[in-house]
Structures are given as C-alpha cells and as structure tokens.
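Engineer: Residue numbers (numbering that gives the first Met the number 0), protein chains in the order written: chain H, 0 to 237; chain F, 0 to 225.
A couple of the hints might just be wrong.
[Claimed, not checked] Per label pair, the in silico range of CB-to-CB distance:
| id | chain 1 | residue 1 | chain 2 | residue 2 | range |
| --- | --- | --- | --- | --- | --- |
| 1 | H | Asp193 | F | Leu164 | 44 to 50 Å |
| 2 | F | Leu214 | H | Thr161 | 39 to 45 Å |
| 3 | F | Phe161 | H | Ala11 | 20 to 26 Å |
| 4 | F | Leu194 | H | Gly72 | 48 to 54 Å |
| 5 | F | Phe221 | H | Pro44 | 32 to 38 Å |
For the record, the hints were derived by calculation from the structure and aren't laboratory data.
Nothing here was measured: the structure is a model prediction, and the numbers come from that model.
We put the CB at the ideal spot given by N, CA and C, even for glycine.
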Amino acid sequence: MLSAEALRHAFAGGRGEGGSGGRVVALDDVTFTLDAGQTLAVFGPNGAGKTTLLKVLAGLIRPDAGRATVAGGRGAIGWIGHQSHLYGHLTVRENLLFWAALYRVPAATRARRADAVMRRLGIAEHAERAVCALSRGLAQRAAIARALIHEPRVLLLDEPFTGLDLAAAAGFRTLLAQLRGAGRVVVLATHNVDEGVELATDVAFQRRGRFVHFAPRGGRGPAQIADEYRRALGAGGG
Amino acid sequence: MGDWLSQAWTVARKDLLLEFRTRTAIVSALVFTALVLTLFNFGRDPTAVPTIDLAPTILWVTFTFAAMLAMNRAFQLELENDALEGLLASPLSRTSLYWGKLLANLVFVAVVEVVGLPLFVLFFDVPVAPVLGPLIAVIALATVGFVAVGTLFSALVIRTRFAELLLVVLLLPFLLPPLIGAVQVTARLLGGRPLSESAGWLRLLAAYDIAFVTLATLLFPFTVEE
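Let the hints inform the model, and build the full structure from the sequences given.
Structural biologist: The following block contains the structure:
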C-alpha cells in the first residue's frame, strides 16, 4: 500500500552537522513497506529528516534517488504538515468543501462528509467561523478534518499533536486507532516519543536521514521505546 | 478536459470568494486606477499635447500596473498557512492550478478595467462610444496575454524575498509586445480609423495570447515544484 525504496535526498547549503560537501543529508537509504492497518511512528530529533520523508511520500519533494509509492496516488493521501493549509478568511465549512472538491469527493456527499468529520473532531459548532478567528488548537483540529475529508487510505502526519490540548490529543489518538482498525495506513512523524507510541504497529528512529532502528513495536511500551530511542541516538543527537 | 477545467474553476471560485471577503487587492487596484488617471488628468498641459495622443498610453499604463497588484496577490494568498503545500499535495493537477489562478486574475483585472474605462472617458473626454465594441475586444485580447504571463511569473517569484518588486522587474519586458500592440490599436480606434488598419497589431496580440498561454501552461509545473 505504501513503500519507500532506498530513498536518498539532500538539501543544498549545509556545512554543519549532518552536512556532506555543502549538502545536508535528509534521507539516507530509507526503505520500508507498510500494508493496510499498519501505523509507523517515526521518531527523531529536529533536523533528522522526518518532514522530508513525509514530503517525499506525499509527492511534494522528488528524491535524489529511490522511489516512494502510495497505492492510489495523491488522491489516496491525507496530509497534515506543519501548517494547517487552511484559508484564514474562509469558514471551516467553506475550507472543507473546497478541499473536498479538490479531492474529487462527489458534490452530493461533500456537505454530509464535512459535517461528519467536523462532528468527529468536535468542531461542528465552529463550522461557520473563519479559520483566522480560531484558536491554535481548534485550527489544528480543522487541519485534521481537512486531511480526513476525502477518507484517505494513507495518512501522513507531521507532528499532528502540535497545538492540541490534552482532551483533543486523546480524541485524535482514538480516531487514529479507529482508522488503523479500518485498514488505513498511517505514517506519523514526531520528535516526542510519548506521542503516538501506543498507536504504532512499527517504530523507526531517524537520525541524519537514516533509519537507525526500524522494527515492529511488539509489546514495547512508551518507556521502553523512549529508552531505546535515547540509546539509539546516543551522544550524536540529530 | 472537463475535470481539469472544473478543478480550475474550483480554485478560481475560492480565490474570488477570498477577495470578496477581504477586498484588499481589488480596493487597492481600484484606488490606484483612480489616482493614476486623476494624476495624469491634472498633471498635464492639455494645450501642449493633444489628449487623444496621450490617452491610449495612459489607459494601458494604468491597466498594466493595476493588474500587477492583482497578479501579486494570486499566489500570496496561498502562503497563508502554507495552503500552497496543501494544493501541491492534493490530486489537483498543476495545469488546473495555473488555470484557476489565470481565471481568477482575469476576472479581477476585468473588474478593474470595467471601473477604469468609464473613469478614463470621464477624465479625458475621448470619443469611446462609437468604438466601444472593438475597444472592449482589444482590451480583452491584450489582457489575456499579459495576465497569462503575469500569473506564471507571480508563481515563480512567490517564495523569493521582495516578490512584489521582482515581479514588476521580470514581468515588464515580457509585457512590451502586448502593451505596444494595445496602445497602437487603441490610438487608431480613438482616432476614428477603421479596425482593419490595425490588423497586423491584432494578429500580434492574438499570437502573443496563444503562444504565452500555451507556454505558461507548460512551464507552470516547474515553477511550483520544491
């Protein structure tokens, strides 16, 4: 359903840590495959290449080498990046209807789909408010609604818990668990090991573009994963 | 064919709705148009150069710079919350995105021209009524070309510093052919000469439109790739 084959990518301009001849290595021989119902949590410090990995999977960046494949192409992907991708002067509902149209949700079902996803994320009462008038947490929930409006088979989530309060974060974790149960593939990137570990079927630690650890989570809990993460990244950091 | 056009219209409708909500660019462009026409009207000596000789140039300089305000805004509004990244991650084709922006810009510039033309007539007292049909056709022909190029360049510069300044510097050389053509045809029309006398300029405008709409459509995907 989703595969990454020997992905490599570097950005120009880096001379510091992780640099390679004036290039910053963001992806270094990253390979994995995920099938329906799998959730991969990618942990890594800032600058490890997590966002680049998600952008390559989303088709936003063409890698220097290797190949990323998502069954169903762009239309099958739900993408949450660092920003909400919402228009501040449109209401939450108008935003969702716009994105639903772009994702080719049939016109007859767009309004119903928007209502359903807003209810699911607890923002139905804010449907007619302009996005620029929402708090950060509500805007993040609207961003999640945007990513789910077309019922994607693959979810690419870059630090999706940012801005969510405890209740909203718990609700989102429940939603992700339901999506995983419904056979969705999720790739979740975060620098915070406490977020999302319990959702993951597979865990990767990324450092300087490379997966230094990639394995099924098995019975490992957050504390054990956090301990392994610290040891895997060791003194070198990012 | 239908799908990409329908997607383009979705983008255009969203841009127009945003502009309707905020009215920042349209008000700026209309105020700019009124100010420039006022300035030219009161800042010249009508006894030195006949109005009819100056009017076509003034009309097109005004329309061009007012249109640039619109074209600057086309991709700037996609920077808010990095909506552009969302668009590029969606199944929206780059062609639909370009055409959506082009359609919205054309509507926007048309509004400026619809308001600007009567002001131009009011200030300069030129005989527009007998040639209104051909004049509107020439305005439409020239506008399509320079908006097509402007839309492409606004995407090209949007992630750069000083995008607004850069757009003007990059765009103006490309606008010379349609502007010269439009001024020449407008001058002949306002001078009471038959449209057939401007056939060469009209062919240039039509060729420019076809060439640059096609080129811009083909080149646009390269301007938005990361």
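Engineer: Hint by hint, say whether it matches the structure.
Structural biologist: Checked hints:
Range check, Asp193 of chain H to Leu164 of chain F: Cβ separation about 46 Å, and the 44 to 50 Å hint holds. Taken as a hint, the range 39 to 45 Å holds for the pair Leu214 of chain F and Thr161 of chain H, whose Cβ atoms sit roughly 41 Å apart. Under the hint 20 to 26 Å, the C-beta atoms of Phe161 of chain F and Ala11 of chain H, about 21 Å apart, fit the expected range. At roughly 50 Å, the beta carbons of Leu194 of chain F and Gly72 of chain H sit within the given window of 48 to 54 Å.
Evaluation of the 32 to 38 Å hint for Phe221 of chain F and Pro44 of chain H yields a pass: the beta carbon distance comes to about 33 Å.
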